[in-house]
Amino acid sequence: MERGVKECCGLNFKSVSFGELFLNKTMLFAYVLLAVGLIGWIQIYGLRFGHDFVNVKDMIGVDADNAKQLALAMKEQIFGMHHIEEIPRTEPWGIFVAQYTYLLYGGSALIFLTALAELFNLHIAHKASAALMTLGIALALGGMTSIASDWGNPLNIYWMILNPQPHSGMWMMLPLYSIYIPFTFVEIYFLMTNKRELAKKLALPLVVIGLGIDVAEFYIQGILFQLNEPRHLWTNFPSLWLYFLLTGMVSGIAFALIYAGLALREKEWYEELKVTLRKAGIVTIILVALYETISGLAGIHEAPFSTMFWGYVVVGLALPLVLFFIKQDFLAAILMAIGTFSARELFVYAGNAEPMTNRFGMGPEAFSTYNVAELEKVVYENPHTMEVLIIIGCVGLGIAIFKLLDTLLDVSNQPH
Amino acid sequence: MANYAMALEYQNCIDCRACEVACKDENQVMLGADKQRIWVGVVEGGKTLADMFVNFYPSQCNHCVDAPCVTVCPTGASHFVEGGIVKVDYDMCIICKGCMEACPYEARFVDETRHAVDKCTFCDGRTQEFGTTACSATCPTKVRTFGDLDDPNSLLRKTLESREFFVLKEGEDTLPKLFYLVPQDEKFRKRTMGEGIKIHKWSDMAPKYEAATAKRRTEWKEA
Chain C
1 MERGVKECCG
11 LNFKSVSFGE
21 LFLNKTMLFA
31 YVLLAVGLIG
41 WIQIYGLRFG
51 HDFVNVKDMI
61 GVDADNAKQL
71 ALAMKEQIFG
81 MHHIEEIPRT
91 EPWGIFVAQY
101 TYLLYGGSAL
111 IFLTALAELF
121 NLHIAHKASA
131 ALMTLGIALA
141 LGGMTSIASD
151 WGNPLNIYWM
161 ILNPQPHSGM
171 WMMLPLYSIY
181 IPFTFVEIYF
191 LMTNKRELAK
201 KLALPLVVIG
211 LGIDVAEFYI
221 QGILFQLNEP
231 RHLWTNFPSL
241 WLYFLLTGMV
251 SGIAFALIYA
261 GLALREKEWY
271 EELKVTLRKA
281 GIVTIILVAL
291 YETISGLAGI
301 HEAPFSTMFW
311 GYVVVGLALP
321 LVLFFIKQDF
331 LAAILMAIGT
341 FSARELFVYA
351 GNAEPMTNRF
361 GMGPEAFSTY
371 NVAELEKVVY
381 ENPHTMEVLI
391 IIGCVGLGIA
401 IFKLLDTLLD
411 VSNQPH
Chain R
417 MANYAMALEY
427 QNCIDCRACE
437 VACKDENQVM
447 LGADKQRIWV
457 GVVEGGKTLA
467 DMFVNFYPSQ
477 CNHCVDAPCV
487 TVCPTGASHF
497 VEGGIVKVDY
507 DMCIICKGCM
517 EACPYEARFV
527 DETRHAVDKC
537 TFCDGRTQEF
547 GTTACSATCP
557 TKVRTFGDLD
567 DPNSLLRKTL
577 ESREFFVLKE
587 GEDTLPKLFY
597 LVPQDEKFRK
607 RTMGEGIKIH
617 KWSDMAPKYE
627 AATAKRRTEW
637 KEA
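Respectively, the protein sequence lines represent chains C and R.
If you read the first sequence in my numbering, its first letter stands for residue 1, the second for the next number, and so on.
If you read the second sequence in my numbering, its first letter stands for residue 417, the second for the next number, and so on.
Isolated chain C (complex conformation) (with noise of 0.2 Å):
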């Protein structure tokens, strides 16, 4: 066993001074964009908790104590809405969503492209699974984290529990999570571990079980999105699960393409572990091209869903495809993490897109259609800048937990 290394339960764990272990360069670069976030969640949580909101009843017995207080909250809620609700009813899901689904698939997709090159045991995948594996589950439990602060009051998420809602697809994610994390913990302690007779036995019926909760991960995040009637840009993608998996697949390479350019250029396999990802980009990509081009979201012609259409196609399909062809893969890999996060805008804003009430007209009022290209208005409304701060803090914990881990487990070293 090398120096400074203590082994428990099976792994090797690395002594590291507590400077090595938080004050890396990652480790700082990390906290910068957590700083950022903490501005964001501070200001978010200061309006859900701080900020005076008033009703009818808090205007009932006024006195000169309160009077001012109220009239200032009256005053903002009355003309300045805009400014104070974090919440519009237009548009109930938005960047936090974005962020979820983009960091969530991006690392599920990634672990499953992962567990797929352990079952089929290409070679590379001897080196670089335990790494990989460990992003993918970091930037899973970022995207988490964007929809707990999402969720307005999470105090409150104990009556999961307590009152199970098995027909709800957001309920579902409870059992599914429970199992899904510590699975892959599992499966990364397998693929670390030094008992190695034990891990070869289980190998195979790891990563097939690994590849049947990845695959239900996606199909029951397909639901959460179809269950939701009137929003016919979601109901209406054909097998949604598919389309999450294949583009959580682009943002997935995309990552550990970023990732290996960053931080394993020095290993011997880093070529090989190149090469791989470049094909499966390759293919990836033209995949989701293929499914695009059947299910028809081409037809949205309407600012900023135009926008973020053709930055999704052009920054993070097209341009990256090019690149792949001239190798330019660390640039390509770039591209296609910021248009899958644009596809991600674009999936939740657009499924929001059509006004669903009496106030901008009689057709959506009566009618049941999703047509953006008709509308001669649609919804949309900026995200508030604490939101963008957050889903800058996300990406930071994300990178935060993977830089700890593999400090103290050395996943980028795989044993074997």
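Since the hints were made in silico from the structure, they are not lab data.
Possibly wrong hints are sitting among the right ones.
Derived contacts from chain R toward chain C, CB cut-off under 7 Å, selection only [what the hints assert, rightly or not]:
| hint | residue |
| --- | --- |
| 1 | Asp-450 |
| 2 | Thr-487 |
| 3 | Cys-489 |
| 4 | Ile-510 |
| 5 | Gly-514 |
| 6 | Met-516 |
| 7 | Thr-529 |
| 8 | His-531 |
| 9 | Glu-588 |
For clarity, every value in this text was computed on a predicted model and none was experimentally measured.
Glycine included, every Cβ here is placed at the ideal spot set by N, Cα and C.
Since chain C is already given, all that's left is putting chain R on it; use the hints.
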């Protein structure tokens, strides 16, 4: 057990918004123009002075028999109570906004004073005491007829049996319980209903509503 619903003679609406004020007062709804349990939608049209018009569409939660907002709620905060009323338990709501996404009528909003999603409750409580909702009681032109859909002697049922009506977003199959009465004035009808709205008689719709209600009634909790 009653099965509450509402018929709307929207031709009578004069946009006085007394219903909105009554609702806010009765239910202590948060202040703010967008924070409404009920509302009057306004549509203006016409190109010349001769054909200019303005339509008013009073609306609120449709208390659907198959309410998608109840289906998607992960904590059970959105639920049915006696009378087939869709309510939110504020102490259970995590504000995931899934119900707001699932509602075809945009009837829900976040009430920051309650830290929960809020919506029309058909004035549950007041209804049992005074027999009708605040919006219905206050309307000076009798737009709203509130009553028990299962009681053949109720004014609501008699109105629905004697008049044609339509519902909003019928294609969503949520079986909404706001029934918009087809205006008797032909010109007004054409101006306000647009093309393609399906017009119904209660005798045609009753079996569908009754079957779905019977199926869902087991989920109704004590108010």
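Each hint tested on the structure:
At about 6 Å, the closest approach between the beta carbon of R/Asp-450 and any beta carbon in chain C falls short of 7 Å, and the interface hint on this residue holds. At its closest, the beta carbon of R/Thr-487 sits 6 Å from a beta carbon of chain C; the interface hint therefore holds under the 7 Å criterion. Using the Cβ-Cβ criterion of 7 Å, the hint placing R/Cys-489 at the interface with chain C is satisfied: the shortest such distance is roughly 6 Å. Restraint check, R/Ile-510 versus chain C: the minimum CB separation of about 5 Å is within 7 Å; hint holds.
The interface hint given for R/Gly-514 holds, since its Cβ lies 5 Å from the closest Cβ of chain C, which is under the 7 Å cut-off. Using the Cβ-Cβ criterion of 7 Å, the hint placing R/Met-516 at the interface with chain C is satisfied: the shortest such distance is roughly 4 Å. Because the closest C-beta pair between R/Thr-529 and chain C is about 5 Å apart, less than 7 Å, the hint holds. With a cut of 7 Å, the hint placing R/His-531 at the interface with chain C holds, because the nearest CB-to-CB distance is about 5 Å.
Interface hint status for R/Glu-588: upheld, as the beta-carbon distance to the closest one in chain C is roughly 5 Å, under 7 Å.
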